[in-house]
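Q: Using the sequences and the hints given, assemble the complete structure.
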Amino acid sequence: MLTVLEKLLFAHDLRLVLLAALVCTLSAFAGFGLLVRARTAQGRHRLIWLGVAAIAVGFGIWSTHFIGMLAFHAEVPLGYDPAITALSLAVAILGCGLGFFLATHGNGRSDHLLAGTVVGLSITGMHYIGMAALVVGGEIGWDSALVIASVLLGACLAALALMVGATSSHAGHRLTAVGLLTLAICSMHFTAMAAVDLSNCFAVTTVGELSASQLSINVGLASVLILLAVLGGLYLDARDAMRPHADAARISAISTKLELALTHMSQGLVLFDGEERVVLVNAQLKAIFGIPDHHAMEGMQLRELCGLILQSRGDAPTTEQIDAVYQTHKHLMASEAGGEIVQDLASKHTVRIIHRPAYPKGWVSTVEDISERRKSEARIAHMAKHDDLTGLPNRVHFSDAAAAAIETADAEQLRLAVLGIDLDRFKEVNDNHGHAIGDTVLRMVADRVAAGLQDGEFFARVGGDEFAAFKLFKDEADLYSFISRLEDCIRTSLAFGELNISVGASIGLAIYPQDGGTLEKLNSNADLAMYRAKESVLESVCFYQASMDEIARERRSIARDLWNATENGQMFLHYQVQKSVSTNQIMGYEVLLRWNHPERGPISPAEFIPIAETCGAILPIGEWVLRTACRAAASWPEPHKIAVNLSAVQLANADLAQLVAAILVETGLNPSRLELEVTESAIIGDKQRALHILRQIRSLGVTIAIDDFGTGYSSLETLRSFPFDRIKLDRSFMVDVESNRQSKAIVRAILALGRSLEVPVLAEGVETSAQLELLSAEGCDEAQGYFLGRPGEWLENKAASAA
Numbered sequence: 124m125l126t127v128l129e130k131l132l133f134a135h136d137l138r139l140v141l142l143a144a145l146v147c148t149l150s151a152f153a154g155f156g157l158l159v160r161a162r163t164a165q166g167r168h169r170l171i172w173l174g175v176a177a178i179a180v181g182f183g184i185w186s187t188h189f190i191g192m193l194a195f196h197a198e199v200p201l202g203y204d205p206a207i208t209a210l211s212l213a214v215a216i217l218g219c220g221l222g223f224f225l226a227t228h229g230n231g232r233s234d235h236l237l238a239g240t241v242v243g244l245s246i247t248g249m250h251y252i253g254m255a256a257l258v259v260g261g262e263i264g265w266d267s268a269l270v271i272a273s274v275l276l277g278a279c280l281a282a283l284a285l286m287v288g289a290t291s292s293h294a295g296h297r298l299t300a301v302g303l304l305t306l307a308i309c310s311m312h313f314t315a316m317a318a319v320d321l322s323n324c325f326a327v328t329t330v331g332e333l334s335a336s337q338l339s340i341n342v343g344l345a346s347v348l349i350l351l352a353v354l355g356g357l358y359l360d361a362r363d364a365m366r367p368h369a370d371a372a373r374i375s376a377i378s379t380k381l382e383l384a385l386t387h388m389s390q391g392l393v394l395f396d397g398e399e400r401v402v403l404v405n406a407q408l409k410a411i412f413g414i415p416d417h418h419a420m421e422g423m424q425l426r427e428l429c430g431l432i433l434q435s436r437g438d439a440p441t442t443e444q445i446d447a448v449y450q451t452h453k454h455l456m457a458s459e460a461g462g463e464i465v466q467d468l469a470s471k472h473t474v475r476i477i478h479r480p481a482y483p484k485g486w487v488s489t490v491e492d493i494s495e496r497r498k499s500e501a502r503i504a505h506m507a508k509h510d511d512l513t514g515l516p517n518r519v520h521f522s523d524a525a526a527a528a529i530e531t532a533d534a535e536q537l538r539l540a541v542l543g544i545d546l547d548r549f550k551e552v553n554d555n556h557g558h559a560i561g562d563t564v565l566r567m568v569a570d571r572v573a574a575g576l577q578d579g580e581f582f583a584r585v586g587g588d589e590f591a592a593f594k595l596f597k598d599e600a601d602l603y604s605f606i607s608r609l610e611d612c613i614r615t616s617l618a619f620g621e622l623n624i625s626v627g628a629s630i631g632l633a634i635y636p637q638d639g640g641t642l643e644k645l646n647s648n649a650d651l652a653m654y655r656a657k658e659s660v661l662e663s664v665c666f667y668q669a670s671m672d673e674i675a676r677e678r679r680s681i682a683r684d685l686w687n688a689t690e691n692g693q694m695f696l697h698y699q700v701q702k703s704v705s706t707n708q709i710m711g712y713e714v715l716l717r718w719n720h721p722e723r724g725p726i727s728p729a730e731f732i733p734i735a736e737t738c739g740a741i742l743p744i745g746e747w748v749l750r751t752a753c754r755a756a757a758s759w760p761e762p763h764k765i766a767v768n769l770s771a772v773q774l775a776n777a778d779l780a781q782l783v784a785a786i787l788v789e790t791g792l793n794p795s796r797l798e799l800e801v802t803e804s805a806i807i808g809d810k811q812r813a814l815h816i817l818r819q820i821r822s823l824g825v826t827i828a829i830d831d832f833g834t835g836y837s838s839l840e841t842l843r844s845f846p847f848d849r850i851k852l853d854r855s856f857m858v859d860v861e862s863n864r865q866s867k868a869i870v871r872a873i874l875a876l877g878r879s880l881e882v883p884v885l886a887e888g889v890e891t892s893a894q895l896e897l898l899s900a901e902g903c904d905e906a907q908g909y910f911l912g913r914p915g916e917w918l919e920n921k922a923a924s925a926a
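Residues in the sequence shown are numbered consecutively from 124, following this note's numbering.
Some clues are possibly wrong.
As the list claims (entries may be wrong) - Pair by pair, the computed Cβ-Cβ distance ranges are:
1) A574 with A326: 38 to 46 Å
2) Q450 with I503: 32 to 40 Å
3) W265 with A439: 39 to 47 Å
4) G261 with A439: 51 to 59 Å
Think of the hints as simulated: they come from the structure by calculation, not from any bench.
All C-beta atoms, glycine included, are put in the ideal place defined by N, C-alpha and C.
A: Shown next, in the form of structure tokens:
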């Protein structure tokens, strides 16, 4: 019982619940009045009265159910299968007809109980068939106990109602029977609704389903029919009993209740007779069109109503305008199936008007204000095709527009340039100034470019700092003008108070039709050109060239072979000795990866390492390098250290510290003999995350060296953020250190920095004795390079060392 009350109070619109109870009461009242009339009639007349009573009560049961469904706050929007909905109405009418037939032909109490049970079962059958008409996806759940309770309530209370009111004309008995039948219908419905579970369902749309607005029309018509039945029964009672004053008061009360029901409908409703006159209209229709409540509309012709609505829109309609609107609606009303139309009002409201025939003649029309729905649909449609941050078209919108532009280019003999655009130095903006400033930069760039677009030009955001554009053109001068305007908008300094930020852009272009016949191919080729521009020092704008495909295919082929290189024994390790500058003592070895491809021969690490990082193969390769090097070092008789390089991709792996620990345990290498080298560029991608992982590794006893020091833009900040165990001076400073005063000054400064931080410095790329002597004079700790020993396999290194 608590579940039923909770569902009734918190899952239903109580106003519509009261309306359902009212309609139920009216139909029950009419039904029992007509049932008494049928019992006194004979032959064919009795069947007619039984039929009218069955229709009145059947429609009442059906209307109560669907008003209750409109009151129900479902988890998903509900639709209704029209065929099953019609079947539920037929079951209600036929079941009540059979029950009333048994009641009028039976004499004993048991006959009336049986008749009432049949009516109760028809109530239950109508409800569950009506629930079967729901059009939803997923699975509807049921509480079997409440289902059984609903069936028993409907059958038992209906049986009591027929037993009390089937034959008695006494007003008290009739009211008791009406109350019992109303209770039977309502208790069965709301107990059954407490049994239903729609939490696993989702909205679907099928052709021909009844919407909530269409259901409102049907319920409205049913309510009108019930009212007519009630009025007919009251009229008969009044004529026979000669109590005109009492009956007039009763009719007035029922009319007031019907008016209340129509007033609380969410749609406006107007009923026309066969002569196009307004018979019935509710207050909601006047409210939608802004017609004063006191304005009498009953008896108004359709043409007059059209003129009144046009006036309500703030217009001064002409005769021709009124006639045009009139003919439109008359045509829809004349259709056997009715029709609907959507119209915009001057008050920026949008209404949907539905006309349906009301047999045997006339029409019923409903008006629904769909303004908010239209606005929501427009917002959703805009969001689906635009970027939230910048308001620019997104990738989907760009693809649709570019596909249409290709058709235009074909039709008008134009060419189409598709541009891939990637901002330069944008990552520095995010890292140095925060993502809020980065987002503002993106918005400002988007606004500047969008403001300067001309006919045939399109600009979209397709990723984080990636944009795409296209330009329809005939003369190349127009294309170069577009590119120049793009560069000017993007490269212009952006001011944030006292802060000025400059970003650039790498732009790649592919031209239709010579660079590709499909949008997919054009996008791909534009990206290839853009990557070339990004890698170039001198060019920021690159046009696609056929040779780029060869390069891309080459990279893909290498990437494919990388995944199996270690398993196929194609990769091996070289070791380059690291010595003390002052004593020439061997301090350790740097591990260098080499690849001997079976078809291509030796491939430089500078070529295959970036490809391995891009395709992800660097993770299994890096693990193989670390494990192989640790196993080899563990077998050396001397406890020399080994230095293994880590890539940015490896450093981004959250499980790196656990992997290092597992390999050390597996190979038996002392952690103090392992040194991992990382570059500033590997750290700067996600500095906090990278430094956290390095601290975990350092806690194992492994030392950490910063590689290629001096080439990054934030070297001192990086040193301050993490206590590195060694600084490796980049080889680029050793190339001309003997002759270039600036290089010598930088080397001297880095060595002094290492001494002040008490961090040893190792110089890479030592190739002459003069370079070694200079490093010794400046107090460098360690060095490596061809002068001290060329990279080789371990056995070769050990042999050289022994010699």
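Q: State for each hint whether it applies.
A: Taking the hints in turn, this is what the structure says about them:
Under the hint 38 to 46 Å, the C-beta atoms of A574 and A326, about 40 Å apart, fit the expected range. The hinted range of 32 to 40 Å is satisfied by Q450 and I503, whose Cβ atoms lie roughly 35 Å apart. Checking the proposed 39 to 47 Å range against W265 and A439 shows it is violated: the Cβ atoms sit about 59 Å from each other. Distance hint check for G261 and A439: the Cβ-Cβ separation is about 53 Å, which falls inside the suggested range of 51 to 59 Å.
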